[in-house]
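Please put together the full structure from these sequences, using the hints given.
From first to last, the protein sequence lines are chains P and W. For the first sequence, our numbering assigns the number 154 to the last residue and increments by one with no breaks. For the second sequence, our numbering assigns the number 154 to the last residue and increments by one with no breaks.
Wrong hints could be hidden among the right ones.
[Stated by the list, open to error] Per label pair, the in silico range of CB-to-CB distance:
no.	chain 1	residue 1	chain 2	residue 2	range
1	W	47	P	140	20 to 30 Å
2	P	123	W	138	27 to 37 Å
3	W	143	P	81	14 to 24 Å
4	P	152	W	152	40 to 50 Å
5	W	126	P	94	32 to 42 Å
6	W	138	P	65	37 to 47 Å
If you are wondering where the hints come from, they were derived from the structure by calculation, not from laboratory data. These numbers were taken from a predicted model, which means no experiment stands behind them. Every residue, glycine too, gets a C-beta built ideally from N, C-alpha and C.
Protein chains: 2
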Amino acid sequence: MPSSGQTQAAGVLEGVGVRPTSQRVVVLTELMGERNDVTAQQLHERLRSRGEQLGLATVYRTLGLLAEAGVIDSLSHRPGELCYRWCGEGHHHHLVCSSCHQVVELAECELGSWLERISEAHGFVTTGHRLEVSGLCGDCR
Amino acid sequence: MPSSGQTQAAGVLEGVGVRPTSQRVVVLTELMGERNDVTAQQLHERLRSRGEQLGLATVYRTLGLLAEAGVIDSLSHRPGELCYRWCGEGHHHHLVCSSCHQVVELAECELGSWLERISEAHGFVTTGHRLEVSGLCGDCR
DNA sequence: TTTAGTGCAAAAGTTTTGCATGGTC
DNA sequence: GACCATGCAAAACTTTTGCACTAAA
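Following this line, the structure appears as structure tokens:
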């Protein structure tokens, strides 16, 4: 029987028109339960060591699909390594600790109106934005 | 005789304690004259085709140095490719057109006080932040 | 003269692709 | 049966590193 996390993931996949195969559900479920950034390699290794049977290429393909569908976000901190992260519902931003990489989600985004005004002044129509705040968390300070 | 761009670049390098060799000056001068994102490969090819003699490894090493010194910014849009960009003076953000990749610099950053307040609430001390706004520019709309 | 930087080629990674196989509608 | 997804292995790329050589303080 599928866990509630898996059911939820399957629903998300169907919602964006991606067929919810078992591998895709496993990948998305893992991302939805992980607050921090993960690379494709880490994700693959983690799932394998837990006994899931799935190939590295499938992880890459799935992450690519999900990112294109806007279900997950991708961001790179270091050269040659892209991290993925579940966006959750609604629009928000993150605080990332430079030392331990802990991530805190900021519930609200107060940037909307400021951005619209300033973009309009340059002839732009904004389609999205991402804010990345780095700092030191309480433990690492 | 060095152009004013080259003199300026050399000054920036000295300012952050990096020896201004001719290769580094060439790389930084190019970045300072380019408003948009560039990859190491693009930069290398562009300089080579202009007759500059410098190796790809040197471009990578220089970009790494400059990024670490905070002189340039690095950001990744796609997997396996990191882009670099001259930050200019002072703190600001960018509007990027999703279609033509044109970049507009936003002169002011009004995020400081909001961020400090919200970070403090989570026990963080912020050390920096980056805002990336994507949209469509007037021409592409 | 001592140190730091460069170029080249090799190495180390990550990500993508081709193709045969297996699963789904 | 037609189509899509997967796994494996090979290929394609980007980035890093080792080492001999060169340039600079």
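Here is what the structure says about each hint:
Checked against the given bound of 20 to 30 Å, the beta carbons of residue 47/W and residue 140/P, roughly 24 Å apart, stay inside it. About 20 Å separates the C-beta atoms of residue 123/P and residue 138/W, a value inconsistent with the hinted range of 27 to 37 Å. In this structure the hint that residue 143/W and residue 81/P lie 14 to 24 Å apart at CB holds, the actual value being about 23 Å. Distance hint check: the CB atoms of residue 152/P and residue 152/W are about 48 Å apart, consistent with the given range 40 to 50 Å.
A hinted range of 32 to 42 Å for the beta carbons of residue 126/W and residue 94/P is consistent with their spacing of about 33 Å. Between residue 138/W and residue 65/P the CB atoms are about 39 Å apart, so this pair conforms to the stated range of 37 to 47 Å.
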